Amino acid sequence: AQSVTQLGSHVSVSEGALVLLRCNYSSSVPPYLFWYVQYPNQGLQLLLKYTSAATLVKGINGFEAEFKKSETSFHLTKPSAHMSDAAEYFCAVTTNTGNQFYFGTGTSLTVIP
Amino acid sequence: DTAVSQTPKYLVTQMGNDKSIKCEQNLGHDTMYWYKQDSKKFLKIMFSYNNKELIINETVPNRFSPKSPDKAHLNLHINSLELGDSAVYFCASSPIGNTIYFGEGSWLTVV
Chain A
29 AQSVTQLGSH
39 VSVSEGALVL
49 LRCNYSSSVP
59 PYLFWYVQYP
69 NQGLQLLLKY
79 TSAATLVKGI
89 NGFEAEFKKS
99 ETSFHLTKPS
109 AHMSDAAEYF
119 CAVTTNTGNQ
129 FYFGTGTSLT
139 VIP
Chain B
65 DTAVSQTPKY
75 LVTQMGNDKS
85 IKCEQNLGHD
95 TMYWYKQDSK
105 KFLKIMFSYN
115 NKELIINETV
125 PNRFSPKSPD
135 KAHLNLHINS
145 LELGDSAVYF
155 CASSPIGNTI
165 YFGEGSWLTV
175 V
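If you read the protein sequences in the order shown, they are chains A and B.
Residue numbers for the first sequence follow this note's numbering, so the first one is 29 and each next one is one higher.
Residue numbers for the second sequence follow this note's numbering, so the first one is 65 and each next one is one higher.
Keep in mind that the hints are not guaranteed to be accurate.
As the list claims (entries may be wrong) - Okay, the calculated bits of chain B under chain A, using three or more residues with CB under 8 Å as the criterion: (1) 109–122; (2) 157–170.
As the list claims (entries may be wrong) - Computed Cβ-Cβ distance ranges for the label pairs, DEER-style: (3) A/Val57 / B/Asp94: 33 to 39 Å; (4) B/Lys105 / A/Ile88: 16 to 22 Å; (5) A/Ser54 / B/Leu147: 20 to 26 Å; (6) B/Asp94 / A/Leu35: 32 to 38 Å; (7) A/Val57 / B/Lys131: 18 to 24 Å; (8) A/Pro58 / B/Asp102: 41 to 47 Å.
Said to hold, decoys possible - Every beta carbon over 10 Å from chain A, so not counted as near; a handful from chain B, in silico: (9) Thr71; (10) Gln78; (11) Asn81; (12) Leu91; (13) Pro125; (14) Asp134; (15) Lys135; (16) Glu146; (17) Val175.
Keep in mind that the hints were calculated from the coordinates and are not lab data.
Since this is a predicted model, take the numbers as computed values, not measurements.
For every residue, glycine included, the Cβ atom is placed at its ideal position computed from N, Cα and C.
Here chain A stands alone, though its shape is the one from the complex (with noise of 0.2 Å):
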């Protein structure tokens, strides 16, 4: 079985200070890593996802994400924050043979001017 743990679910930077968005994972077999974006009143867009090639992995507006075997985690960053990054944020896991995500409690993030 699989699940995903976001902690801190709200979030708060100022404009231009690096986002640091946490993710730990549970999968008993190599895990498939997602990350996805809401805005408000809008469905979740794909940011990145992690297959199992490089660990590290870089999605649309400058997000990116490592992945972290030992730690069993998955954050995500950007090293600038803008206002229009303010939204909620979903982490998500599944498996190669998987038809079943797993998402977490998301993370709203808010960029202070």
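Since the structure of chain A is already known, use the hints to place chain B on it.
Frame of chain A, contents of chain B only:
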């Protein structure tokens, strides 16, 4: 071309009514899903279909009934709507073990 489209986007209805939300995907994916997002933004899987066959049926009241006429469509029918059914319902699709693509959501308000 919208990859996963669902209709209607907004739905306001009275308690006790029956309503349907339709979903279509043009990505050729084998698996389709329905998720419910509550007011706290928590995403809960409701159903999952693979090639028109139900493979996941989480603990959902039997007032909710999914129907998959073909692998590109997965509709959600809700009987006897209750206030607690108010939420955003997302349709999604994916190939096995790969990215899940979401529709834009259907905002259901029961009054």
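Going through the hints against the structure:
1. Look at the stretch 109–122 of chain B against chain A: 5 of its residues bring a Cβ nearer than 8 Å to a Cβ of that chain, three or more, so the hint holds.
2. Coverage of the stretch 157–170 of chain B by chain A holds in this model, with 11 residues showing a Cβ closer than 8 Å to a Cβ of that chain against a need of three.
3. At about 20 Å, the CB distance of A/Val57 to B/Asp94 disagrees with the hint of 33 to 39 Å.
4. At about 21 Å, the CB distance of B/Lys105 to A/Ile88 agrees with the hint of 16 to 22 Å.
5. The supplied range of 20 to 26 Å is broken by A/Ser54 and B/Leu147, whose beta-carbon atoms lie about 35 Å from each other.
6. B/Asp94 and A/Leu35 have their C-beta atoms about 34 Å apart, which keeps the hinted 32 to 38 Å range intact.
7. Here the CB-CB span from A/Val57 to B/Lys131 is close to 32 Å, at odds with the stated 18 to 24 Å.
8. Between A/Pro58 and B/Asp102 the Cβ separation comes to about 31 Å, which falls outside the hinted range of 41 to 47 Å.
9. Residue-level check passed: B/Thr71 sits 13 Å from the nearest beta carbon of chain A, beyond 10 Å.
10. Its beta-carbon lying about 23 Å from the closest one in chain A, B/Gln78 satisfies the requirement of being farther than 10 Å from that chain.
11. Chain A leaves B/Asn81 outside its interface by the beta-carbon criterion, the shortest separation being 24 Å against a cut-off of 10 Å.
12. No beta-carbon of chain A comes within 10 Å of the beta-carbon of B/Leu91; the shortest separation is about 13 Å.
13. For B/Pro125, the shortest C-beta to C-beta distance to chain A comes to about 21 Å, beyond the 10 Å cut-off, and the non-interface label holds.
14. The Cβ of B/Asp134 lies farther than 10 Å from every Cβ of chain A, with a closest approach of about 17 Å, so its non-interface assignment holds.
15. No Cβ of chain A comes within 10 Å of the Cβ of B/Lys135; the nearest lies about 13 Å off, and the non-interface call holds.
16. B/Glu146, annotated as away from the interface, keeps every beta carbon of chain A farther than 10 Å; the closest lies near 23 Å.
17. Chain A leaves B/Val175 outside its interface by the beta-carbon criterion, the shortest separation being 19 Å against a cut-off of 10 Å.
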